[in-house]
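Q: Next come the chains, spelled out residue by residue.
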Amino acid sequence: MSNVGIVIVSHSPLVAEGTADMVRQMVGDEVPLAWCGGNGHGGLGTNVEAIMGAIERAWSDAGVAILVDLGGAETNSEMAVEMIGEPRAQKIIVCNAPIVEGAVMAATEASGGASLKEVVATAHELSPS
Amino acid sequence: MRALDLSRLITAAADTIVDHAEELTALDQAIGDGDHGLNMKRGFEALRSDANVFAAKPLPDALKAIGTKLVMTVGGASGPLFGTLFIALGKEISADPDNANLTAAFGKAIEAVAARGKSQVGQKTMLDVLQPVRDALAGEKTAAEIADIADAAAKATVPMKALRGRASFLGDRSIGHMDAGARSTALLVRTLAQIIGDKA
Chain S
1 MSNVGIVIVS HSPLVAEGTA DMVRQMVGDE VPLAWCGGNG HGGLGTNVEA IMGAIERAWS
61 DAGVAILVDL GGAETNSEMA VEMIGEPRAQ KIIVCNAPIV EGAVMAATEA SGGASLKEVV
121 ATAHELSPS
Chain Z
1 MRALDLSRLI TAAADTIVDH AEELTALDQA IGDGDHGLNM KRGFEALRSD ANVFAAKPLP
61 DALKAIGTKL VMTVGGASGP LFGTLFIALG KEISADPDNA NLTAAFGKAI EAVAARGKSQ
121 VGQKTMLDVL QPVRDALAGE KTAAEIADIA DAAAKATVPM KALRGRASFL GDRSIGHMDA
181 GARSTALLVR TLAQIIGDKA
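Protein sequence lines correspond, in order, to chains S and Z. Each residue of the first sequence is one higher than the one before, starting from 1 at the first, in the working numbering. Each residue of the second sequence is one higher than the one before, starting from 1 at the first, in the working numbering.
Derived from the structure by calculation, the hints contain no laboratory data. Predicted model, so just to flag it, every value in this text is computed and none were measured. Just so you know, not all the hints are guaranteed correct.
Claimed, not checked - Computed, partial: chain Z to chain S, Cβ under 8 Å:
no. : residue
1   : Ala77
2   : Gly79
3   : Pro97
As the list claims (entries may be wrong) - These stretches of chain Z come out as covered by chain S in the derived footprint (C-beta under 8 Å, 3 or more residues):
no. : stretch
4   : 45 to 57
5   : 137 to 145
6   : 160 to 174
Glycine is no exception: its CB is placed at the ideal position from the N, C-alpha and C atoms.
Throw the hints in and build the complete structure from the sequences for me.
A: Below is the structure:
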């Protein structure tokens, strides 16, 4: 798919899945979408391997925007991008935006064929400065 | 560093973390999300089971592989932070480092951890132990002195107010508790210093 992909990373698998569900219902199937959440052991948390897997599932040559909740989700997402490595890493951006609103707005922008830069800018507009 | 030494270092580091897992979790329950001990235990047990694999590699490659393993197995924010420390150390260190090379590489590794955590010294994190240890290395302190400096530095995080990580959400309520990441860092420093000190 040529539209920018969206990855949702939350400490809670329920939040991640629920956010992805909102994106699907409000935006449709026009964007590659993946989510991950939880520590893989039944608890809250995020882990690098799961995030790398989600990036693979949502991969688009137009790039991938990642929406995260709390600090560890951001740190782990940045680590995942680094471990995926170049040349793909430069097409993946971790957004500084609220996870639910950011995911829906970024996906809406992406569904119209916007560039990664435009998708990320749309998500960032939601971030309190 | 000979292969046998590295295997022994990894095993000893893992034993220390496993022995202190409950203490680390208790520290993290006070001001964090309460999983630091369990997360670190999982990561270091994974290191221990592959200790011979790491030890068979040249030191820079071994450190990078150790860091990558920690990233993948620790989980939580500690995985990328401790993982970055070892990966960056592996990138900067020589195969047979002298003190100057070790000190320089350690300094670069601390910068990488600070960048990864968007943190700096004084914010009640592992950096508050790593930086004094680097300074002690530069000052050519003995292994025993370095271990004591690391312990004192971890204790010094007690009166600090957390400015990064989950503990920072608590604001002033984070004061009066030792940072769990600072404690695990000091534990690792003491273990490594003891073994390297024995050899010297």
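Q: Look at each hint and say if it fits the structure.
A: Now for the hints, and whether the structure bears them out:
no., hint, in the structure
1, Ala77, "holds (4 Å)"
2, Gly79, "holds (6 Å)"
3, Pro97, "violated (24 Å)"
4, 45 to 57, "violated (count 0)"
5, 137 to 145, "violated (count 0)"
6, 160 to 174, "holds (count 3)"
Checked against the numbered hints given earlier, the structure breaks hints 3, 4, 5 and satisfies all the rest.
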